[in-house]
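The sequence shown begins at 28 in our numbering and counts up one residue at a time.
Just so you know, these hints were derived from the structure itself, not from any lab. Given the structure is predicted, the values throughout are model-derived calculations rather than measurements. There could be a bad hint or two in this list.
Computed list of lysine-lysine pairs in DSS-like fashion (alpha-carbon distance at most 30 Å, straight line) [to be verified]:
{"#": "1", "residue 1": "K359", "residue 2": "K335"}
{"#": "2", "residue 1": "K371", "residue 2": "K359"}
{"#": "3", "residue 1": "K356", "residue 2": "K301"}
{"#": "4", "residue 1": "K317", "residue 2": "K37"}
{"#": "5", "residue 1": "K215", "residue 2": "K37"}
{"#": "6", "residue 1": "K335", "residue 2": "K356"}
{"#": "7", "residue 1": "K215", "residue 2": "K356"}
{"#": "8", "residue 1": "K317", "residue 2": "K76"}
{"#": "9", "residue 1": "K359", "residue 2": "K37"}
Each pair of labels, with its calculated beta carbon distance range [unchecked claim]:
{"#": "10", "residue 1": "K371", "residue 2": "G300", "range": "48 to 54 Å"}
{"#": "11", "residue 1": "R241", "residue 2": "D118", "range": "37 to 43 Å"}
{"#": "12", "residue 1": "V147", "residue 2": "Q227", "range": "23 to 29 Å"}
{"#": "13", "residue 1": "V147", "residue 2": "R273", "range": "41 to 47 Å"}
Beta carbons: idealized from backbone N, C-alpha and C, even for Gly.
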Amino acid sequence: MIMVEQLTPKLMNWASILDPQTRAQAELAATMPFIHPHIALMPDAHLGKGATVGSVLPTVGAIIPAAVGVDIGCGMVAVRTQLTSAAFTDDLARLRKSIEEAIPLSAGRYNHELTDGAAVRVAELEQRADRRGFDPAGYAANWRLQLGSLGSGNHFIEVTADETDAVWLFLHSGSRGIGNKIATHHIKIATRLCQQWWIQLPDPDLAYLVEGTREFDRYLAELTWAQQFALLNREEMMDRVLDCVRQWLGGPVEELERINCHHNFTARERHFGKDVWLSRKGAIEATEGKPGLIPGSMGTASYVVVGKGNPVSLNSSPHGAGRAYSRSKARKTFTQEDLRAAMKGIEYRDTAAFIDEIPAAYKDIDQVMADADGLVEVRHTLHQLVNVKGD
């Protein structure tokens, strides 16, 4: 465990597990002239595109779109219920299948029609887009039907129980196809402008937009809209999961607490005497007293936390376990039998499609949380009863 390590004058590191490529990538990003005061590298840091996943980049007068990434607003939502795990012993496959039917899973799969709750949320997003002067349909004609869909990769829905045996519903998703297209569009614009202005970049994926330009303002408007889409997307899915559990139990499910937090986003914050654009790419806000969520991987623990407000970390903490193996390497290394062994006792869809999500493909979540001891306090430790993922 390390408390914090200064790798360069503008790079602070909390990751005790850090491969050379990831370190080199973060050091390169830290050379950008508008970083203030430094980049904070979280315990779950791993190689990303341009900016490292698990990094916090404070910038003055510019934003690097790749420092947020293509899943704008990706994050977690969790609900604590009055139930205990004793209610989740029989026919969990039926519950899993009902969730899989209620929520479109996998890339490119969306709703056929809007639920009443989704229609209300879509109306809010339409108003927000109108106020920001853009039409989301220009990016994706079916964006309304994307609200309430999960996606694939490391996105998931889970029924979990904490150390007191209280049941939590827990899910991970972002801004779906619409967010991806918004991000990709603005990354291309930033790249084109840096080339047009003859700006020499240490990495082409660190292309940036300059504050005060039309292109910067347009990105910021659409970025904040996509972040709200992601938050409402999680709210819509969580409402559907609650309904599935109620129908499965044949009784009430009380919502005692709800936490919804981004881990891919940009916000205006003040750090070390300056107002900065703070981009968290695979990191959550951990301001003192602020609740947050840190998932492990399928088959390992997840955490409900509260921030400690560490100023050197820029009030941030890790967002999960962080990959130790690329998806292709994981598929070459592990087998479906390995996955079955890792998921023993958890209801999940038994398919080879999830091999690249096996817990062994990720960093040890216990080590990540040990590294994060100075950033967050653990309130609850959650273990899965049911896991739902998209192919």
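Each hint, compared with the structure:
no., hint, result
1, K359 with K335, "violated (40 Å)"
2, K371 with K359, "holds (22 Å)"
3, K356 with K301, "violated (42 Å)"
4, K317 with K37, "holds (26 Å)"
5, K215 with K37, "holds (27 Å)"
6, K335 with K356, "violated (36 Å)"
7, K215 with K356, "holds (29 Å)"
8, K317 with K76, "holds (29 Å)"
9, K359 with K37, "violated (37 Å)"
10, K371 with G300: 48 to 54 Å, "holds (52 Å)"
11, R241 with D118: 37 to 43 Å, "violated (57 Å)"
12, V147 with Q227: 23 to 29 Å, "violated (48 Å)"
13, V147 with R273: 41 to 47 Å, "violated (20 Å)"
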